[in-house]
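Visitor: My request is simple: use the sequences and hints to build the entire structure.
Number of protein chains: 4
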Amino acid sequence: MNYQQAINQIYADIKNQENLGQIATYIPELSKVDPEKFGICLKTVDYDEFGVGDWKTKFSIQSISKVLSLSLAYKILGDDIWERVGVEPSGNPFNSLIQLETDNGIPRNPLINAGAMVICDMLISHTKNAPKAFLDFVQHICSNNTVTYSSAIAKSEKSVGYRNVALCNFIKSFGNIKNDPAEVLDFYFHMCSIEMSCQQLTSTFMFLANDNFRSPEKNSILNISQAKRINAIMQTCGFYDESGEFAFKVGLPGKSGVGGGILALHPGSYCIAVWSPKLNKKGNSSRGMKFLEAFTTQTESSIF
Amino acid sequence: MNYQQAINQIYADIKNQENLGQIATYIPELSKVDPEKFGICLKTVDYDEFGVGDWKTKFSIQSISKVLSLSLAYKILGDDIWERVGVEPSGNPFNSLIQLETDNGIPRNPLINAGAMVICDMLISHTKNAPKAFLDFVQHICSNNTVTYSSAIAKSEKSVGYRNVALCNFIKSFGNIKNDPAEVLDFYFHMCSIEMSCQQLTSTFMFLANDNFRSPEKNSILNISQAKRINAIMQTCGFYDESGEFAFKVGLPGKSGVGGGILALHPGSYCIAVWSPKLNKKGNSSRGMKFLEAFTTQTESSIF
Amino acid sequence: MNYQQAINQIYADIKNQENLGQIATYIPELSKVDPEKFGICLKTVDYDEFGVGDWKTKFSIQSISKVLSLSLAYKILGDDIWERVGVEPSGNPFNSLIQLETDNGIPRNPLINAGAMVICDMLISHTKNAPKAFLDFVQHICSNNTVTYSSAIAKSEKSVGYRNVALCNFIKSFGNIKNDPAEVLDFYFHMCSIEMSCQQLTSTFMFLANDNFRSPEKNSILNISQAKRINAIMQTCGFYDESGEFAFKVGLPGKSGVGGGILALHPGSYCIAVWSPKLNKKGNSSRGMKFLEAFTTQTESSIF
Amino acid sequence: MNYQQAINQIYADIKNQENLGQIATYIPELSKVDPEKFGICLKTVDYDEFGVGDWKTKFSIQSISKVLSLSLAYKILGDDIWERVGVEPSGNPFNSLIQLETDNGIPRNPLINAGAMVICDMLISHTKNAPKAFLDFVQHICSNNTVTYSSAIAKSEKSVGYRNVALCNFIKSFGNIKNDPAEVLDFYFHMCSIEMSCQQLTSTFMFLANDNFRSPEKNSILNISQAKRINAIMQTCGFYDESGEFAFKVGLPGKSGVGGGILALHPGSYCIAVWSPKLNKKGNSSRGMKFLEAFTTQTESSIF
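First to last, the protein sequences are chains A, B, C and D. Heads up, the first sequence is in my numbering, so the first residue is 1 and it goes up one at a time. Heads up, the second sequence is in my numbering, so the first residue is 1 and it goes up one at a time. Heads up, the third sequence is in my numbering, so the first residue is 1 and it goes up one at a time. Heads up, the fourth sequence is in my numbering, so the first residue is 1 and it goes up one at a time.
Hints are computed from structural coordinates only; laboratory data are not their basis. Do not rely on the hints blindly, as some may be mistaken.
Unchecked claim - Quick list of in silico lysine-lysine cross-link-like pairs, BS3-like style, CA-CA up to 27 angstroms: (1) 155/D with 158/A; (2) 278/C with 158/C; (3) 178/C with 32/B; (4) 75/A with 290/B; (5) 158/D with 155/A; (6) 155/C with 158/B; (7) 178/C with 158/B; (8) 155/B with 178/C; (9) 155/C with 178/C; (10) 158/A with 178/D; (11) 15/D with 32/D; (12) 158/C with 158/B.
Guide: Now the structure itself:
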């Protein structure tokens, strides 16, 4: 299979079609991005790398970052984290409060906002300086110490994040946030503000795709069983209430962000990142979904 | 990997532990089954077969059958079926009416009761005699014409199936059932009453595991893309509100039934069926879940 | 206060305005009614009677009848009925299944469909022939033995009543219907099919308005405390999810039906019935609501 | 009717029974109150006053205060307030977020926390200094300028009020809070911290019971229609998800607070206040409910 040829051709096809959907405008800073940006990067477990379009341009990875904070918490706390957050798809939009009410403050999974806040709260409790510890972790697995938070994005999101304030205080009211909600929210907004290019994303997520992955210090980040479990969560919960659709059409574990990025991976084979800012009605990159559906169909590389 | 050795050992381990959970008693006929039954069968895409315990004893496959009716409808109607049923996990128990109310009668997916009824309704509309057409299909892909409905089970389920009557009439009230609810329910109860052994189950589901599968007449049952999509639905929706847990712990597409059966498969590799009648709180076979978690962990054969 | 003058004038005012809303078309037989019909009758506890328009024309009283079946059950069983049905407003449309699911099959109150079915079920269990016993009761308190069921309406409603079939079977699945759902539904559809004129309605409901009410045999139908409690339920639950609005704007206990009738009463003072078939979005008579708001405002006769 | 005799006797009866229920402990400061406190005051529209027990002791009136803020907003803004808050009972616990989600941030009624916050927001927008304007209003209608906020209670409630912070920010996310959530919450917590005795409560609420009520400056507070409408809202919404039960058993418009106070009134006749800190499961004063049921039954003074 010639990956470069495949991504070039699908990229060109989609470029020729109308660029449908809406940029996320609820975060003022995010709405400034150029809606025509479009990039793809694929990296194999053998470290071959293929890119097209704006694949080296940094963008706000937003919720994709939740997989990384989850991974760090899993590494530090092990299976204890599952006492405070579930692994079931929510069947509801990403910031729904309804299920929290019926589930007594236990978020359905760590990839919806509520669950990611509980993970942030754990990291605050178990590290000296959570924002620093998290950034160190990300730079480490990305092998790139220029990757960092965007204060402008974090601040912008905070300025309008009433629903996230509501979510965090609501969970606190059930006792499932241990620290001050303001501190948890501040870390949460920073955690989501990390900026990376498609190229950097594929490097960063290699630890979930490559069973033999070793960090620069020759350690594995997570053990194989843990990595597989995070992939399973991405598969069932990575795309809010379009998770089933993504499994159905694309057939890879993955995670999207409202910045228009999608990261997906084929265990044992490759990581792929797509970026195009316009979102469909479910809040996932419109061209990103289209690209990945075409890609796995054409390359017959769905895991199913 | 020596599959026979693996299943023997895990079977023995679990046999030695307390047999926890409850038999499904709400269907009178099902409650008569011996709770100590326990069987496993694994069949590879190369037709190697491994079995242990009660793997040749027939039991009521119940909801596992929904994958088969879905497959037949998909074969006949193609992607038109997705206009009347979704592909998203429900995040709710298997017979919840709440989501139907908010979703205007469109069931979340074809593997919950509501969705399976809509599939039954389609088959009634598009075949001359749906119960016969469905049984022919099942016997065909199983290459076994002794597999059949259990009238006793169907009748027993009908006698207490008030919630299913409610579900079917509720969907009808939204216009998403086209035929007489009584006829749909009758077919639905029969469809769920099919009896198979673990051995027969693995043969039957081979068309979803083996890309090169050909029916006795040398035809494929579904095309590759369709088969992959059904696997994806099983992965995200096959275990009611324990689907995420199953993906997390077992990491294979699969489907459970309240008769205590679980069918799971590794695309391109094998089908595996486990049967043990006692169910956990979510309605899935207790020992079945335990067995499969141990099996994919030990054989490192999660698809993730 | 000159009641005749007041009702004449408000009637004339509203007659002059556009007749907004929609006739209930979901029951085929009901959709045949003349949408321009409009009648009012007021009867005081001193048996003065005032009428205007089509006040002597019979129409399908539909859900207004639920107050009568509730009264009969209350008379027969006393406070035992509250073990199987609540007295809280539902906050939801009249045929919602959601609350039944969270409340384990106990309907919120006896004036929503679900609650009325449970009341029907009680009457079936505690009378020899529920349809006959109920009709006897209604004819008795109305002092009119020509009042009867409309078989055409009952049959018509049954032919399309899938949601009611769903409701009844759903409650049965929780064990809160004791008899065969088909029998309960048949009685329920008949109970709702009773036809009366505005004039007859005011006579019929006098036992709830007049503390000194005595039946032809000089017995009270309910004791004072029971009558007050039924009035309280009408106040909080009589207009589905417009009950608060009716209390707010009209300020009288009352009950509406999809046939376009509304019965309201001022305890110790009068009964009033209005009929106009076109319904607002909440399913209550559009001109009926308007009339009663104007009437209690003008006569300052809200109970508040 | 000898009111003094009636309240004395029922007070004595209930005093003799076990004092069931739980003090509200979630607000630390409230949990310090003596659970054995028990007082009643009844004041007629002719200014006869009857009291027993701790009827002159001040306590935290909590949510009873919401009727007063609603009255002030109604006085200032008129019917415009109903564009941002409904008049329907919620059918849910007092701080539920579920309905806000389905109703797009429009609270069901002004007597649940969410609705009271929107009312507070209106007062902030339409007065120079909302906390002062509100206190002036309360002192004015109570004719008592010693009535004031309890900073200790307000502060204590704020320290644990995560769910209220969640509610307010959630409504803000829908745009139905116009001011800074922190300012709205601060006012809201103060508004609920007002302390009054039963005696003062009956004086304060006289403007809703007495059609001829005139303020010290000979002005009416609200017009008759407005007063009736607030009474109607108290009737249908004053006791959270026990509002139907209160209408059913007591039959008066009223409002409860978690401090153990209940204010009820018979339009045109009297105001009555009961205080006993232990709450039933629905969050309403246990002995208060019991007292009022006995009182209206014995005096036959339900409005129904």
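Visitor: Now, for every hint given, state plainly whether the structure supports it.
Guide: Each hint tested on the structure:
1. Note on residue 155/D and residue 158/A: the hinted pairing holds, with a Cα-Cα distance of about 25 angstroms set against a maximum of 27 angstroms.
2. Restraint check: the Cα-Cα separation between residue 278/C and residue 158/C comes to about 22 angstroms, which is no more than 27 angstroms; the hinted pair holds.
3. For the given pair, residue 178/C sits about 25 angstroms from residue 32/B by alpha-carbon distance, which is consistent with the 27 angstroms threshold.
4. With a C-alpha separation of about 24 angstroms, the suggested pair residue 75/A and residue 290/B falls inside the 27 angstroms cut-off, and the hint holds.
5. Distance check on the hinted pair: residue 158/D and residue 155/A sit about 25 angstroms apart at the alpha-carbon level, within 27 angstroms; holds.
6. Restraint check: the Cα-Cα separation between residue 155/C and residue 158/B comes to about 25 angstroms, which is no more than 27 angstroms; the hinted pair holds.
7. Between residue 178/C and residue 158/B the alpha-carbon distance is near 17 angstroms, which keeps this suggested pair within the 27 angstroms criterion.
8. With a C-alpha separation of about 21 angstroms, the suggested pair residue 155/B and residue 178/C falls inside the 27 angstroms cut-off, and the hint holds.
9. Straight-line distance between C-alpha atoms of residue 155/C and residue 178/C comes to about 23 angstroms, which keeps the hinted pair within the 27 angstroms bound.
10. Between residue 158/A and residue 178/D the CA atoms are separated by roughly 17 angstroms; this keeps the pair inside 27 angstroms, and the hint holds.
11. Proximity of residue 15/D to residue 32/D is assessed by CA-CA distance (about 21 angstroms); at most 27 angstroms being required, the pair is judged to hold.
12. For the proposed pair residue 158/C and residue 158/B, the alpha carbon gap of about 22 angstroms is at most 27 angstroms, so the pair holds.
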